[in-house]
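**Q** Let the hints inform the model, and build the full structure from the sequences given.
Top line first, the protein sequences correspond to chains A and B. Adding 822 to a residue's 1-based position in the first sequence gives its number in the numbering used here. Adding 16 to a residue's 1-based position in the second sequence gives its number in the numbering used here.
The hints are simulated quantities; they were obtained by calculation from the structure and are not laboratory data. The model shown is predicted, which means the values in this text are computed figures rather than measured ones. Glycine included, every Cβ here is placed at the ideal spot set by N, Cα and C. Any given hint might turn out to be false.
Claimed, not checked - What follows is a set of in silico ranges between Cβ atoms, one per label pair, in the way DEER data are often shown:
1) B/Leu99 / A/Met844: 52 to 60 Å
2) A/Gly1171 / B/Gln104: 57 to 65 Å
3) B/Leu171 / A/Pro1018: 36 to 44 Å
4) B/Ile179 / A/Leu1192: 40 to 48 Å
5) A/Asp856 / B/Gln197: 45 to 53 Å
6) B/Ala64 / A/Leu1108: 31 to 39 Å
7) B/Glu120 / A/Ala1289: 49 to 57 Å
8) B/Ile179 / A/Glu1257: 36 to 44 Å
9) A/Thr1254 / B/Ile179: 23 to 31 Å
10) B/Leu181 / A/Leu834: 27 to 35 Å
11) A/Gly1024 / B/Tyr106: 29 to 37 Å
12) A/Ala1289 / B/Ala64: 53 to 61 Å
13) B/Leu118 / A/Ser997: 50 to 58 Å
Claimed, not checked - Residues on chain A that point at chain B, a partial pick, calculated with CB under 8 Å:
14) Phe860
15) Met952
16) Glu955
17) Leu959
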Amino acid sequence: MSGTSMNWVLALPEIALSVCGMGILLVGVLQRRDTFRFCSMLTVGAFLLAAVLVISTGQGVGYRGLFTDDAFSAFVKLLVLAAAALGVVVSLDYNEHANLRRFEFPVLVLFSTVGMMLMASANNLMTLYMGVELMSLSIYVLAAFARDELRSSEAGLKYFVLGALASGLLLYGISLVYGFSGGMGFTELAKALADPAHVSPGLVVGIVFVVAGLAFKISAVPFHMWTPDVYEGAPTPVTAFMGTAPKVAAMALLVRVMAAPFGHLLGEWQQLIVLVSVASMLLGSLAAIGQRNIKRLMAYSSIGHMGYALIGLAAGTQAGIRGVLVYLVTYVFMNIGTFALILAMRRRGRMVEGIADLSGLARRDPAMALGLAVFMFSMAGIPPFSGFWGKYFIFTAAVQQGMWALAVIGVLTSVIGAFYYIRIIKVMYFDTEGEAFEARPASLSFVAAAGGIFTTFFFVFPAPLVAAAELAAKALFR
Amino acid sequence: MIAALAFYVFAAILLVSAGMVVSARNPVHSVLFLILAFFNAAALFLLAGAEFLAMILVIVYVGAVAVLFLFVVMMLDINFAQLREGFQRYLPVGATIGVVLLAELVVVLGGWRFAPEATSLRFAPTQAGLHNTAQLGRLIYTDYILLFQASGLILLVAMIGAIVLTLRDKGASRRQSIARQVARGPADTLVMVDVRSGAGVGEIGILRPLVDEPEPAGDAHAGHDHAGHGHGGHH
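**A** Right, here's the structure in full:
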């Protein structure tokens, strides 16, 4: 086994976050009064603490090779922590109105985030599985959190059953990989599989199953079936959380698994990723056209976005991975911003989710309409918003590898996708004015403004982020 | 010789009782046969020199899981005869599929060879001079401590989830107040009565507790709590 040292300090962020989580759980249980808001604030504080620890912890391999800390994991962890913290802030107002004012909500988000951080640092197929399960189990519960609502319970159950199936596929793949290569650590696997000529077909079957299990988590076609129903049924802040942090963690995990242990087998899995990517882009852009519910629309949009991000992985180069990371950052900020504004769609105490409910928004709430327009333009990939730059880095990486067809399909589906994004803008700016929404709480305005400022002004100062992504991608190609 | 004999005896009983688990008409008998199967499997582990796994099998599976099964079977009162109604009808198709699968497995596994270097690549090779309890302990609590703790977190999340999704506090459940219980002195609860010899309870009148208490005594709390929550879950 490589890396025989324990080096337990490497997991300090995870340990600190878990201990904070248990402490917050105790605070919530022992206090009789309503502690939802207080526990949420403590959770955001714990995320900040973990982020500081992520920056200050050193790099290396610890826990007898189970756990690794490098630039890639640090990048992903910071992004996941930021997304989770914004997710908690976004949930504050909604949960108080929807009678979900329970301190377990932020605690579950926190434990889910611990799972995502484990995924980002996984250096062994077992750590990978543990992280995935910890993340998913918390999200299953969160999806069913509004337990008196039929749709929410249905979403939770559906997600749970299909997620269990995906876990089964993942485990089956892991056992095949172990059986045919004799190791589960990424370092040993990379060494054992250095020569693609000696790879048995059983191992390739195992890789296919591992990809299938992880593709379920990022809701890539053909494992996307659950996404629209779960997105629609789950309480909206949970949807906002599900659409950002877990997607980042699962995509990062897929990138690491493909690049680190199976990196030498690019020829074996490249076609698979290309297929999944093209199917996701097509379905994401075509199926969203007919949607009337904005949460379902966002579900198809996220399927499409994961398809674009997979192009970078399919390229299999350092530039491609850098593109994936930049894309994920832009995706997180525009997605959480959009959901903050979707959460602000409330009339007379009831949430509305139809696209038609946005009609004429520009005249009664210009700021909200402007924010939503920025996010929609960015998702459609229109310059100078950040969504364009994410796509730019991905497509250039594909073109550098000579994958012209993939890049062209990506551009074409972006154009199709632009139709439904821009239709929302048309509804807001040119349709007849509808009834006004209730006043927007400060927490939602804050998240939307943060997302909007990042999305709009990313092009002014992209260098630090791109450099960090470059460094992170380099860590996978040592 | 003795070991081989013991192996065949235990293995035969294991197979027969495993068959009885699925074929017994009475579900309680099925569970009892399951327990017998667990015991025999534990004996096989012992023969293979894995005494720790054998004991764990008995303690965890027989002591906890099988007894839980027994309770569930007794409480749920499922009509198993009804569940098995289509058994005869689907038997031919099921048997055909089973035979085909078995044949395929034989074909695939018939050509199975272990690579010569497979044993050296094993993930956790055994160490000479250490008995297997110590080796398992070293693996679980030292080498894989991260995974062990992560699975602990997963179980914690499962517990939180079960409580979040099912517990309904209607305000009717009775909570235990330890401070009040401890602070209670004999004077609050006891009253000395001079009883005329030969007098029955009926003549004295039934004594009521002195202090006005919302709940009876400490022991009854748990029972009330469960009852309250149990009803809350059925909506």
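**Q** With reference to the structure, classify each hint as holding or not holding.
**A** Hint check results:
The hinted range of 52 to 60 Å is not satisfied by leucine 99 of chain B and methionine 844 of chain A, whose Cβ atoms lie roughly 43 Å apart. A C-beta distance of roughly 58 Å is found between glycine 1171 of chain A and glutamine 104 of chain B, which places it inside the suggested range of 57 to 65 Å. The hint said 36 to 44 Å for the Cβ distance between leucine 171 of chain B and proline 1018 of chain A, and at roughly 40 Å that hint holds. One distance hint, 40 to 48 Å for the beta-carbon pair isoleucine 179 of chain B and leucine 1192 of chain A, holds here, with the actual separation near 43 Å.
At about 27 Å, the beta-carbon gap between aspartate 856 of chain A and glutamine 197 of chain B misses the expected band of 45 to 53 Å. Evaluation of the 31 to 39 Å hint for alanine 64 of chain B and leucine 1108 of chain A yields a failure: the beta carbon distance comes to about 58 Å. Judged by the Cβ atoms, the range 49 to 57 Å given for glutamate 120 of chain B and alanine 1289 of chain A holds: they are separated by roughly 54 Å. Between isoleucine 179 of chain B and glutamate 1257 of chain A the C-beta distance comes to about 40 Å, which sits within the given range of 36 to 44 Å.
Distance hint check for threonine 1254 of chain A and isoleucine 179 of chain B: the Cβ-Cβ separation is about 48 Å, which falls outside the suggested range of 23 to 31 Å. Distance hint check for leucine 181 of chain B and leucine 834 of chain A: the Cβ-Cβ separation is about 32 Å, which falls inside the suggested range of 27 to 35 Å. For glycine 1024 of chain A and tyrosine 106 of chain B, the hinted distance range of 29 to 37 Å is satisfied, since their beta carbons lie about 33 Å from each other. About 57 Å separates the C-beta atoms of alanine 1289 of chain A and alanine 64 of chain B, a value consistent with the hinted range of 53 to 61 Å.
Range check, leucine 118 of chain B to serine 997 of chain A: Cβ separation about 21 Å, and the 50 to 58 Å hint is violated. The beta carbon of phenylalanine 860 of chain A is not positioned within 8 Å of any beta carbon in chain B (closest approach about 18 Å), and the interface hint is therefore violated. With a least beta-carbon distance of about 4 Å to chain B, the hint placing methionine 952 of chain A at the interface is held under the 8 Å criterion. The closest approach between the C-beta of glutamate 955 of chain A and any C-beta of chain B is roughly 6 Å, which is under the 8 Å cut-off, so the hint is satisfied.
Satisfaction of the interface hint for leucine 959 of chain A is found here, the shortest Cβ-Cβ separation to chain B being roughly 5 Å, below the 8 Å cut-off.
Taken one by one, the earlier hints fail for this structure at numbers 1, 5, 6, 9, 13, 14, listed in ascending order.
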